[in-house]
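Visitor: Let chain E serve as the given structure and place chain S on it in line with the hints.
Going down the list, the sequences are from chains E and S.
Per the numbering used here, the very first residue in the first sequence carries number 1; after that it's consecutive.
Per the numbering used here, the very first residue in the second sequence carries number 1; after that it's consecutive.
There's no promise every hint is true.
[As the list claims (entries may be wrong)] Subject to a maximum C-alpha distance of 25 Å in a straight line, what follows is the list of computed SDA-like cross-link-like pairs (lysine to any residue):
{"#": "1", "chain 1": "E", "residue 1": "K291", "chain 2": "E", "residue 2": "N313"}
{"#": "2", "chain 1": "E", "residue 1": "K291", "chain 2": "S", "residue 2": "H127"}
{"#": "3", "chain 1": "E", "residue 1": "K86", "chain 2": "E", "residue 2": "P104"}
{"#": "4", "chain 1": "E", "residue 1": "K63", "chain 2": "E", "residue 2": "L382"}
{"#": "5", "chain 1": "E", "residue 1": "K181", "chain 2": "E", "residue 2": "L233"}
{"#": "6", "chain 1": "E", "residue 1": "K86", "chain 2": "S", "residue 2": "V99"}
{"#": "7", "chain 1": "E", "residue 1": "K206", "chain 2": "S", "residue 2": "L125"}
{"#": "8", "chain 1": "E", "residue 1": "K442", "chain 2": "S", "residue 2": "D41"}
{"#": "9", "chain 1": "E", "residue 1": "K206", "chain 2": "E", "residue 2": "L187"}
{"#": "10", "chain 1": "E", "residue 1": "K442", "chain 2": "S", "residue 2": "V237"}
{"#": "11", "chain 1": "E", "residue 1": "K442", "chain 2": "S", "residue 2": "R20"}
{"#": "12", "chain 1": "E", "residue 1": "K291", "chain 2": "E", "residue 2": "G309"}
{"#": "13", "chain 1": "E", "residue 1": "K291", "chain 2": "S", "residue 2": "R126"}
{"#": "14", "chain 1": "E", "residue 1": "K291", "chain 2": "S", "residue 2": "Q115"}
{"#": "15", "chain 1": "E", "residue 1": "K442", "chain 2": "S", "residue 2": "R36"}
It should be emphasised that the hints constitute simulated quantities derived from the structure, not laboratory data.
Letter by letter, the chains look like this.
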Amino acid sequence: MMRLLRVGLPLLLLCATVCGCGTPGSSGGAATAPSGPVTTGFNTSQMISLTIWDDETSPGDSKAEDQLIHEFEQRYPNVTVHRVVKSFDDYMATIKLAASSSNPPDVFQGNEGYAVDQALIKAGLILPLDRQAAAYGWDTRFGNPVTLDPLRWSADGSTWGSGTLWGVAQKAEVLGVFYDKDVMARLGLRPPRTFAQFQQTLAAAKAAGVPPVMVGGLDRWPLGHVFMVLQALFERPAAISAWAFGHRGASFDTPGTRRAAEVFAQWGARGYFENGFNGVSQQTAAARFAKGEGLYFITGPWENQTFAGPLGNRVGFFPMPGTGSAPSAATGSLSLPYHISSRTPYPAAAAALIDYLTGQHAADLLIAHGDLPAADPGAAALHGGSSLAAIARTWKQKSRAGLLVPYLDWATASMGDTLFGGLQQLSQGAITPAQFTAAVQKDWESAHS
Amino acid sequence: MFALFVIAPIADGAWISLFRWDGVTSGTWVGLGNYRAAIHDAAVRTAFQHSLVLILFYAVLPVAVGLALTGLLVHSRVRGVAAVRTVIFLPQVLAAVVVGVAWRWLYDPEGPINQALAAVGLGSLRHSWLGDLSTALPAVGVIGSWITTGLCLVLFMAGAQRIPPARYEAARVDGAGPVREFFAVTLPGLRNELAVALSLTVIAALRAFDIIYVTTKGGPGDATTVPSLLIYTRAFVTGQVGSAAAIGAIMGLLILALVVIITRLVEDRP
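Pulled out of the complex, with its shape left as it was, chain E reads as follows (with noise of 0.2 Å):
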């Protein structure tokens, strides 16, 4: 042992002085934020090789875009795209690594919030697009304005949800209840219209054996999006998306919110939830209701296929009903943004990428292929009894009214452990809402102090 270290000290001293020296991440400065006007326009006379990474796993999605791809390749012959796909965790611990390499991809994917987003801009290492949304226009391609907020920051990157604008984004989210309609006629049920209503749907199904919400709490953040429509209902939306930006003096420890947590224990306490549903993963939990072996799912359109795709014109969406007579506040935002990197030789193809990704054709494609885009699709996509369409029409509805509301995982880089992690045992009954409330305030106010 003592050999061990008088020999390996001074080894690792003098590696930490060879090779270890200098502060680490010093090499990336800053990006200088290009001026003059911009075109729509790039050289298409010169070969162009562009890299994408992007996160578009599910097999309907992952389709899209590669069909997306093919048809910019064929409009442009002189473009070559190679595309990088991985899922999403494995996306979300490499992809700010990728970016600041040597050999970043052109345009990736990144995600709202201080853990990635913010991170690529202070780094310097994605270019700001106000100039090309105003070329393509992108500030009015996906309704109301205040759409884009996620993806405004200020030029340093220090205040979110204002400011220059860095992404734009091919779908759009909005969580809201599937459900399966022969499970529900079976119960001598229908679909409810208050929030009163819903509670009595889900003690009916409970009180017949059938698992009310199924949902996936292995997996830690199924749970949630189950608590972020319930704050949704009980909380102001300003006060929702204060929170979420870590805007000043904005809290979680509040009434409404505590309200909400209060359902949610309740729910776990009464076996709202399928049987066991902590050890069950989202995947398994999906299958499941697939099956038909549930009355309600409580998630967003990517899971769509999941159920349409087996049970098709038997499964149905609603927003989830209001406390009041007042239309209610939904959990949504436009999906994970493309950015440029600051370092890509062609940035003005990166756009023209960009743009042919998120328009109008790709609205359309998406919808063909089941998911929710976030540029308005053709107004045939929002008629009919499709769990589709009515997705698409409770998009249109609260994006047009500004309500909804960010994911409250946003809120801080430690948010999702924080949160999911407190809901885990919310639902078991290992700590009261208000320790929830207080838990997760404190997670903030450390983050943003």
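Guide: Leaving out everything else, chain S in the frame of chain E:
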């Protein structure tokens, strides 16, 4: 080569642990601040406590089972010993992700384990093994035992076959039964193997990451968080690379200390 691929990364990690760094922008020098913060961090303490529990499942239990099986099998002329050994060793060969996914399915509330319990009339024991705050850590631990038992058994069997048969004959002449024989001959003859097995399994317990990442991601709540999971989250998710490096350094030193102690205690060295 060793310096380049082993020492250099260790030194780099130690260097980074002295900074507050988010992984992309420029870091700030904080000296030993990350270490002080880690020692006072309740999350880090909980994680190391979980590691101690996992040592029980990853190291103590498999070594005990491995020794017992070795005692039983070492002289047996029963055919199929090799087959048993292969089957028990098999988990060592499987990728941890495969093992994790398989066990996630086995532990499901409607999964095979609960179905089997119901089938033999123990339906009241049906349980959400990975979902319950009180059973999640032992449930993950059992997966660890399942993986490392084979390694211990193979090490001990190989060691036992090198013990001179004369010692067993001598023991028998002295009238020792199978139990006396195990403690008087087999166990002392396996000292070196014991040290290796304990070192490897204790290291496996302290580094446990893949199984937990695939099965529970540290949940429910923080019931199965371990240091390596904290390192992963802090380095790659929450942008606290300095803190992650500091926990890594603490973990490395702890492993080194434990291995030295194990080797000193178990190996027959002056």
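Visitor: Could you run down the list of hints and mark each one as holding or not?
Guide: Comparing the hints with the structure gives:
{"no.": "1", "hint": "E:K291 with E:N313", "verdict": "holds, 14 Å"}
{"no.": "2", "hint": "E:K291 with S:H127", "verdict": "holds, 22 Å"}
{"no.": "3", "hint": "E:K86 with E:P104", "verdict": "holds, 15 Å"}
{"no.": "4", "hint": "E:K63 with E:L382", "verdict": "holds, 22 Å"}
{"no.": "5", "hint": "E:K181 with E:L233", "verdict": "holds, 24 Å"}
{"no.": "6", "hint": "E:K86 with S:V99", "verdict": "holds, 21 Å"}
{"no.": "7", "hint": "E:K206 with S:L125", "verdict": "holds, 22 Å"}
{"no.": "8", "hint": "E:K442 with S:D41", "verdict": "holds, 14 Å"}
{"no.": "9", "hint": "E:K206 with E:L187", "verdict": "holds, 10 Å"}
{"no.": "10", "hint": "E:K442 with S:V237", "verdict": "holds, 19 Å"}
{"no.": "11", "hint": "E:K442 with S:R20", "verdict": "holds, 21 Å"}
{"no.": "12", "hint": "E:K291 with E:G309", "verdict": "holds, 11 Å"}
{"no.": "13", "hint": "E:K291 with S:R126", "verdict": "holds, 22 Å"}
{"no.": "14", "hint": "E:K291 with S:Q115", "verdict": "holds, 19 Å"}
{"no.": "15", "hint": "E:K442 with S:R36", "verdict": "holds, 20 Å"}
In terms of the numbered hints stated before, the structure departs from none.
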